[in-house]
Amino acid sequence: KQEVTQIPAALSVPEGENLVLNCSFTDSAIYNLQWFRQDPGKGLTSLLLIQSSQREQTSGRLNASLDKSSGRSTLYIAASQPGDSATYLCAVPWGGANSKLTFGKGITLSVRP
Amino acid sequence: DTAVSQTPKYLVTQMGNDKSIKCEQNLGHDTMYWYKQDSKKFLKIMFSYNNKELIINETVPNRFSPKSPDKAHLNLHINSLELGDSAVYFCASSRQGAGEQYFGPGTRLTVT
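Note that the protein sequences, when read in sequence, are chains D and P. Sequential numbering of the first sequence, starting at 271, is according to our numbering. Sequential numbering of the second sequence, starting at 3, is according to our numbering.
Part of the chain P face toward chain D, derived, beta carbon under 10 Å: (1) Y37; (2) K46; (3) A94; (4) E102; (5) G106.
Residues of chain P clear of chain D, computed beta-carbon distances all greater than 10 Å: (6) Q16; (7) E26; (8) S82; (9) S88; (10) V113.
Simulated from the structure, these hints should not be mistaken for laboratory data. Quick reminder that beta carbons are idealized off the backbone N, C-alpha and C, glycines included.
Model the full structure from these sequences, guided by the hints.
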């Protein structure tokens, strides 16, 4: 069974800080790993998807890395802004080609002006 | 253009009623999903359909019945609603089973 852990559950930083959000998973036999953002009362927005063969993926101020062998991924946010405040979730599909997406519980980020 | 849409956005109903939630995607994806997000914000898959065929059915009470009339639509019907069914239900789709998933805005179901 795949388990995904995100620690800490909440994080508060001042505006402008570079920060790293961590995600760990127990079964390294994954196809990919996806990072999402969820704003309060809203749906999930896909931020980045890293294939199992990739080490990094970048989109604007976001950079996600993947280390399958150690069961870890990080989401790096450069020069954080108040608009980055949201819950960030990582998820991995597992269980074969028709896979279930298993989510972590998310990290709630607050960026203070 | 909305990629994955759900209706209704909010649903308030009494215990024992039957209700349906509809989902549509215009991305041309083959696989669609239903997820439940509980009061602690934990997301868990309920069902997955690939090209109208049920492929994942997690341990969900049989009061929940998904239906996929075509690969662009996946509806969720819930019979005899219970208080514990109160949650946000998300629909999602992907090009294939392990592809990037795109989520709808969610349906907040409140059972009183």
